[in-house]
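Next come the chains, spelled out residue by residue.
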Amino acid sequence: MSVPVGHYQYDRIDRDFLQARIAEFEGQVKRRLDGTLSEDEFKPLRLMNGLYLQLHAYMLRVAIPYGILDSRQLRKLGQIARRYDRDYGHFTTRQNIQFNWIRLEDTPDILRELAEVDMHAIQTSGNCIRNVTADEYAGAAADELVDPRVHAEILRQWSTLHPEFTFLPRKFKIAISGSPNDRVAARFHDIGILARPGEDGAPVFRIFVGGGLGRTPVIGEELFDSVREEHLLATLEAILRVYNAHGRRDNIYKARIKILVQAIGVEAYREAVEAELGQMDLEQYRLTPEAVEAIRARFAVPLLEAPDDADAVLTQQRRDDPLFDRWVRSNTHVHRDPGHIIATISLKPAGGIPGDATSAQIERLADLADAYSFGEIRITHLQNVVLGHVRKDRLRDLWLGLSEVGLAEANIGLIGDIVACPGLDYCALANARSIPIAQKLGARFADTALQAEIGALRINISGCINACGHHHAGHIGLLGVDKRGEEFFQLTVGGRAENGAAIGTILGAALPEDETVDAIARVVDCYLGRRESGETFLDTLTRLGHEPFREAAYEAV
Amino acid sequence: MKRPVRLEAGQKLVLTANRLLDGRTVWWSAEGTWVPHIGHALLLDAEEAQVQLAHATEQAQHDGVVGVYDTAVQDSVPPEPVTVREKIRAHGPTVHPEFAVETAQ
Ligand code: HEM
Ligand code: SF4
Numbered sequence: 001m002s003v004p005v006g007h008y009q010y011d012r013i014d015r016d017f018l019q020a021r022i023a024e025f026e027g028q029v030k031r032r033l034d035g036t037l038s039e040d041e042f043k044p045l046r047l048m049n050g051l052y053l054q055l056h057a058y059m060l061r062v063a064i065p066y067g068i069l070d071s072r073q074l075r076k077l078g079q080i081a082r083r084y085d086r087d088y089g090h091f092t093t094r095q096n097i098q099f100n101w102i103r104l105e106d107t108p109d110i111l112r113e114l115a116e117v118d119m120h121a122i123q124t125s126g127n128c129i130r131n132v133t134a135d136e137y138a139g140a141a142a143d144e145l146v147d148p149r150v151h152a153e154i155l156r157q158w159s160t161l162h163p164e165f166t167f168l169p170r171k172f173k174i175a176i177s178g179s180p181n182d183r184v185a186a187r188f189h190d191i192g193i194l195a196r197p198g199e200d201g202a203p204v205f206r207i208f209v210g211g212g213l214g215r216t217p218v219i220g221e222e223l224f225d226s227v228r229e230e231h232l233l234a235t236l237e238a239i240l241r242v243y244n245a246h247g248r249r250d251n252i253y254k255a256r257i258k259i260l261v262q263a264i265g266v267e268a269y270r271e272a273v274e275a276e277l278g279q280m281d282l283e284q285y286r287l288t289p290e291a292v293e294a295i296r297a298r299f300a301v302p303l304l305e306a307p308d309d310a311d312a313v314l315t316q317q318r319r320d321d322p323l324f325d326r327w328v329r330s331n332t333h334v335h336r337d338p339g340h341i342i343a344t345i346s347l348k349p350a351g352g353i354p355g356d357a358t359s360a361q362i363e364r365l366a367d368l369a370d371a372y373s374f375g376e377i378r379i380t381h382l383q384n385v386v387l388g389h390v391r392k393d394r395l396r397d398l399w400l401g402l403s404e405v406g407l408a409e410a411n412i413g414l415i416g417d418i419v420a421c422p423g424l425d426y427c428a429l430a431n432a433r434s435i436p437i438a439q440k441l442g443a444r445f446a447d448t449a450l451q452a453e454i455g456a457l458r459i460n461i462s463g464c465i466n467a468c469g470h471h472h473a474g475h476i477g478l479l480g481v482d483k484r485g486e487e488f489f490q491l492t493v494g495g496r497a498e499n500g501a502a503i504g505t506i507l508g509a510a511l512p513e514d515e516t517v518d519a520i521a522r523v524v525d526c527y528l529g530r531r532e533s534g535e536t537f538l539d540t541l542t543r544l545g546h547e548p549f550r551e552a553a554y555e556a557v
Numbered sequence: 001m002k003r004p005v006r007l008e009a010g011q012k013l014v015l016t017a018n019r020l021l022d023g024r025t026v027w028w029s030a031e032g033t034w035v036p037h038i039g040h041a042l043l044l045d046a047e048e049a050q051v052q053l054a055h056a057t058e059q060a061q062h063d064g065v066v067g068v069y070d071t072a073v074q075d076s077v078p079p080e081p082v083t084v085r086e087k088i089r090a091h092g093p094t095v096h097p098e099f100a101v102e103t104a105q
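Those protein sequences? They're chains Y and V, same order as listed.
For the first sequence, this note's numbering assigns the number 1 to the initial residue and increments by one for each residue that follows.
For the second sequence, this note's numbering assigns the number 1 to the initial residue and increments by one for each residue that follows.
You may find that some hints are simply not true.
Claimed, not checked - Residues of chain Y clear of chain V, computed beta-carbon distances all greater than 12 Å: (1) Phe165; (2) Asp250; (3) Glu271; (4) Phe324.
Claimed, not checked - Just so you have them, the derived chain V footprint on chain Y, three or more residues with Cβ under 8 Å: (5) 32-39; (6) 96-105; (7) 185-194; (8) 484-497.
Simulated from the structure, these hints should not be mistaken for lab results.
The model shown is predicted, which means the values in this text are computed figures rather than measured ones.
Every residue, glycine too, gets a C-beta built ideally from N, C-alpha and C.
Bound-form chain Y, shown alone (with noise of 0.2 Å):
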């Protein structure tokens, strides 16, 4: 077999573990049937293969290491939403999928399906180092400077059940990024990682520690600008070990690593790592430019071929067609190559469910992958999918088979690209829905035109302070929350992840759920009416100050 475009080949030894390990899930699944385990006893078990029970089902979380998938995985994906799902899988913010109405029994066989394709469910929860998230266009952007995958996945097989950090205090996330514009939210990660060329031409690592949003966001602080390549392992694990050591185990709520940075600050856990690499044996963590080569050739490179007139056909499409041009102007980005183009692909319909897709748009969506963009398919961190690597001239015709299936919605970065966690309809841990309102947004802001004009404008939903719509981290945040049983959400402003991270301010009180889309629509307005030229939210916002706005949304309670 041919190895795959954008992601890292398995090998034997990957497969037999793999198997291995469905096993061992297999005959715990039916001791717990048996009853010889509790469920107590079976829950850090399942817990560990993905398996989590939700409101109404089990829910199985899949892995996609740093969010790069085959088109033979993806259809694969597909036919376990249609065979063991209601037909729908959904992607989430952590570039995972999810399955909502998985039965315990089934897990084994789903396993084994997923490993067919090297593919499965560990370290998608527990307190290990969780699944490596890189940026979407990795490989492909014309504005990045390293390829994040070849030490993501290097990361990936560190991190994968290593002996010592799979009981840390808490859960741990690693983001990476190879560009000067930060599209992982590197520093809302517990580490968050930006690669850039050293002089010497190898990359160089900027390294944030102690970010994280839930209950007390905080932005990563900058632990070291510039670790070198070889260093990259060693200090990755004085990090972890300084907070296996010292992070607190006494409280859920104060496990985080962020806690820690927050507690001892910065410097003294910049001192703690540097004592710790002091007595570290760096030899056995040297990450070699030979090693990393050994990698790198475990990707295949596309073959980026275009005619010389690929750009001049694409302005003459777009000239000719004006709904077309809307949706390459908002859901494209610039290729390294002058013949390709990047191109996300909105999970977002108005008035759908952000990052659900059924199992006949996930099978076409593999199509189009192997009939546009070498059959390799990209899950972002704001639950939309990315085909790398399109050639200019064929653009138009990937948008045509787009929207044969409902795929062409024009509202990447715009308001209808509404980032939402499951909340109540599925979560067990919600206090609100997040999904409805996130619906309700989306058919309100429907008009694609007035999305356009409207301009950059995030907006992200949690249904709880867990924060896994990254409420914290948008430009507008809705956390939903409970008052005797009753819906409400807090509204926040002014929260970015992007470069120049922030967290959300706090508008005023909660609003019932069903004031809250006018709520959000009258802060809208505001901006509309007062913004100068050229402004988006967040430069009116920052303007202004949050007074009007807080004005606007509480202006008919």
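Position chain V with the ligands against the provided structure of chain Y, taking the given hints into account.
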């Protein structure tokens, strides 16, 4: 520790859990079985509920359910849970009408 239950006028308690095999929401019925429709749930006073809860929890493994607890409902036909959360458990997600729990006959 179990929180004390404060029922308002016109409210009763029902027992609920999730089925071990498939995670489906189930309700404790007058026949002493777990059923998928809240329409068949047994309505209990606060004191009866404590007795039944202890019993059902003990029997959970045998009955193939997990996470048994009680929750308040309006004493109506069919009974309607008081909180949004339990309404959604009883009727299914609000965002996919086709996934709703069919009404009990
Ligand atoms: C439906 C089942 C889910 C459960 C039970 C769940 C549970 C949790 C919990 C308990 C936390 C807080 C952890 C902490 O602060 O220590 C958390 C955080 C998080 N979850 Fe989920 N989650 C679920 C679904 C999702 C989904 C669907 C996504 C993606 C859309 C997601 C993405 C995240 C992210 C990004 C965080 C990190 C926030 C942070 O940095 O603290 N989760 N989740
Ligand atoms: S934010 Fe809360 S409601 Fe939403 S998925 Fe996470 S835990 Fe569930």
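Now the hints, each set against the structure:
1. The Cβ of Y:Phe165 sits about 29 Å from the closest Cβ of chain V, beyond the 12 Å cut-off, so the non-interface label holds.
2. Interface exclusion of Y:Asp250 from chain V stands, the closest Cβ pair being 19 Å apart, more than 12 Å.
3. The claim that Y:Glu271 lies off the interface holds: its Cβ sits roughly 43 Å from the closest Cβ of chain V, which is beyond the 12 Å cut-off.
4. The beta carbon of Y:Phe324 is kept farther than 12 Å from every beta carbon of chain V, the shortest such distance being approximately 31 Å.
5. Figure legend: the region 32-39 of chain Y, annotated as covered by chain V; annotation consistent (5 residues with Cβ-Cβ distances under 8 Å, at least 3 required).
6. With a cut-off of 8 Å between beta carbons, the region 96-105 of chain Y has 5 residues touching chain V; three or more are needed, and the interface restraint holds.
7. Counting residues of the region 185-194 of chain Y whose C-beta lies closer than 8 Å to any C-beta of chain V gives 0; at least three are required, and the coverage claim is violated.
8. Three residues within the 8 Å Cβ limit are the bar, and the region 484-497 of chain Y against chain V gives 3, so the coverage statement holds.
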